Amino acid sequence: MIPIDLIQKTAETLMDKAAIDIPEDYLSGLQKASETEDGDLSSFVLKAMLENYEAAKQDRRAMCGDTGVPRWFVKLGNEASVEGGMCALETALRRATAHATNGVPLRPNRVHPLWRTDHDNNVGIGAPEIEYGFEPEGDWIDLITVHKGGLFGTDYRMLFPSDGIQGIKRFYLDSLMAFGKRGLACQPAIIGIGLGGSKDICMTLGKRASVLRTVGSRNSDLRIAEMEEEFKELGNSIGMGAMGFVGKNMVVQCNIEVGYCHTGGMPMSVHAFCLSSRRAVARIFPDGRVEHRTDPDWFTPYQRRETVEWDPLREAAE
Amino acid sequence: MKPREIRLSTTPTPEAIAELRLGDIVYLDGLMYTAREGVYMRALEEQANIPMELPSESAANFHCSPAARINADGSFDMGAVTATASFRFAKWLPEWMEKTGAKLIIGKGGMTSKDYKSYFVPNGAVYLSTVGYGTGALLGRGVENVEAVHWNEELGLAQAMWVIRCRKMGPFIVASDLNGDCLFERENAKIAQNIDRVYEGTKPAVLKRYGESDDRSDEVI
Numbered sequence: 001m002i003p004i005d006l007i008q009k010t011a012e013t014l015m016d017k018a019a020i021d022i023p024e025d026y027l028s029g030l031q032k033a034s035e036t037e038d039g040d041l042s043s044f045v046l047k048a049m050l051e052n053y054e055a056a057k058q059d060r061r062a063m064c065g066d067t068g069v070p071r072w073f074v075k076l077g078n079e080a081s082v083e084g085g086m087c088a089l090e091t092a093l094r095r096a097t098a099h100a101t102n103g104v105p106l107r108p109n110r111v112h113p114l115w116r117t118d119h120d121n122n123v124g125i126g127a128p129e130i131e132y133g134f135e136p137e138g139d140w141i142d143l144i145t146v147h148k149g150g151l152f153g154t155d156y157r158m159l160f161p162s163d164g165i166q167g168i169k170r171f172y173l174d175s176l177m178a179f180g181k182r183g184l185a186c187q188p189a190i191i192g193i194g195l196g197g198s199k200d201i202c203m204t205l206g207k208r209a210s211v212l213r214t215v216g217s218r219n220s221d222l223r224i225a226e227m228e229e230e231f232k233e234l235g236n237s238i239g240m241g242a243m244g245f246v247g248k249n250m251v252v253q254c255n256i257e258v259g260y261c262h263t264g265g266m267p268m269s270v271h272a273f274c275l276s277s278r279r280a281v282a283r284i285f286p287d288g289r290v291e292h293r294t295d296p297d298w299f300t301p302y303q304r305r306e307t308v309e310w311d312p313l314r315e316a317a318e
Numbered sequence: 001m002k003p004r005e006i007r008l009s010t011t012p013t014p015e016a017i018a019e020l021r022l023g024d025i026v027y028l029d030g031l032m033y034t035a036r037e038g039v040y041m042r043a044l045e046e047q048a049n050i051p052m053e054l055p056s057e058s059a060a061n062f063h064c065s066p067a068a069r070i071n072a073d074g075s076f077d078m079g080a081v082t083a084t085a086s087f088r089f090a091k092w093l094p095e096w097m098e099k100t101g102a103k104l105i106i107g108k109g110g111m112t113s114k115d116y117k118s119y120f121v122p123n124g125a126v127y128l129s130t131v132g133y134g135t136g137a138l139l140g141r142g143v144e145n146v147e148a149v150h151w152n153e154e155l156g157l158a159q160a161m162w163v164i165r166c167r168k169m170g171p172f173i174v175a176s177d178l179n180g181d182c183l184f185e186r187e188n189a190k191i192a193q194n195i196d197r198v199y200e201g202t203k204p205a206v207l208k209r210y211g212e213s214d215d216r217s218d219e220v221i
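So the protein sequences, as listed, match chains V and S.
Everything in the first sequence is counted per the working numbering, starting at 1 for the first residue and increasing by one.
Everything in the second sequence is counted per the working numbering, starting at 1 for the first residue and increasing by one.
Excised from the complex, chain V in its bound form (with noise of 0.2 Å):
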């Protein structure tokens, strides 16, 4: 039974980690770009950024003002088991929100959408979100917060097999020229890429690619994988850098994740994480053990698996 005080002060440390640390692995991406950046501008604006994150893990502060729509994905091992169930989860999760917003601080963005009501500590309906994903082992309990900016760099196309992959490079250059202008969608950033499920899910496969996998990740599917390089490079070859100034650096990373979908279809989802690409993850064990890491390793096997029965050693041998 994995303690609900432990959950709710693990979730309070991961909206604060998450605010203030910028990942490794996204780190490092953003160096190299700016290792190889040669446009005046954009130059400036990577080296500010870098500044930045130093500047936030000295102080303590956020790194970026928007909190954007703060979420949660929770997965749990097969085992797993949470003091008080699902429901009492939940509400430590949006306790820690709630706290977090008013400690760290953080922007309270969440409003109606039509009264605008605030709250001001970023819960309300369906805030924050909370998606759940499980594994077959294990007895732990994964939390993982991202807080991804709400507003541009995003679109949703249902493409057709006739479109073929030029149609999906055509859709993709399309997103990153719309919102890639004034730099609206924060890039340089992971973008990630939807493609397949029904229409709602084709839109979280792409938001889930851009937020649950770091920056140096691949597809499983070595076809995918070598589709990711490309796009990388073809969104990079625009000739558009941080701000939508003249530069070299658009995409950090490009991760595409796939789901069956109709027949006759083929939707697309395009998302882009920002600049300031902020996820942080924890595993809690019932004998109280908690580690800390920013990979979310969401995408195992399992969640890839095509079979009806999962069998992961004829999985292996394949």
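Calculated directly from the structure, the hints in this document are not laboratory data.
Honestly, I wouldn't trust all of these hints.
Dumping the calculated DSS-like pairs for lysine-lysine here, alpha-carbon to alpha-carbon at most 30 Å [to be verified]:
| hint | chain 1 | residue 1 | chain 2 | residue 2 |
| --- | --- | --- | --- | --- |
| 1 | V | 32 | S | 190 |
| 2 | S | 99 | S | 117 |
| 3 | V | 57 | S | 168 |
| 4 | S | 190 | S | 208 |
| 5 | V | 169 | S | 203 |
| 6 | V | 248 | S | 203 |
| 7 | S | 2 | V | 232 |
| 8 | S | 190 | V | 248 |
| 9 | V | 248 | S | 2 |
| 10 | V | 47 | V | 57 |
| 11 | V | 232 | S | 190 |
| 12 | V | 232 | S | 203 |
| 13 | V | 32 | V | 57 |
| 14 | V | 32 | V | 17 |
| 15 | V | 32 | V | 169 |
| 16 | V | 232 | V | 199 |
| 17 | S | 99 | V | 169 |
| 18 | V | 32 | V | 248 |
| 19 | V | 47 | S | 168 |
| 20 | V | 199 | S | 203 |
| 21 | S | 117 | S | 2 |
| 22 | V | 47 | S | 190 |
| 23 | V | 32 | S | 2 |
| 24 | V | 47 | S | 2 |
| 25 | V | 199 | S | 208 |
The structure presented is a predicted model; accordingly, all values stated were derived computationally and were not measured.
Based on the hints, put chain S in the right spot on chain V.
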């Protein structure tokens, strides 16, 4: 080439504004206030009295919601400070400028050259963009003191009017000048030369969408 760095008052003289060139890096000193859609609607549409003497106290309007809290004793803690995209406020800005004499509009991503020419230039105002976006922690360091917060009860912390005393707050980038030229449009024009090459071989989607533009040299703002 390294961009030029300039210290600027938040109640700048016309001469100081005329000095600014596109791409200059600016650091601000003096009082600035945050105002975005909540404040604009309350002051302009609901005709509420603006709780500051403008522009004598400040001519710098920041499109910003800070990461901040009001403590139980009434004091403030302000952590990170980041701008929000300004193009959405074009609807209110002409009237706001006329009413408040704002000379520096500070935010994310700038406005169009049409906006600059039609009401920035006649008001002797320019646009400063935050950098990144966003250098929230660096800008937070430039907050010397939070002087007041207005309308937080009515609008919530994010939309409230925060009054900030800045000391060397920055960096900001000069994104418009007194000719009404736009830094972002200048950069767009350079990048537009690559569009045909980058899109070569790609094909339009088989299912069309009703839309507003199909010209990639256009902007969507």
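So which hints don't hold here, by number, going up? 17
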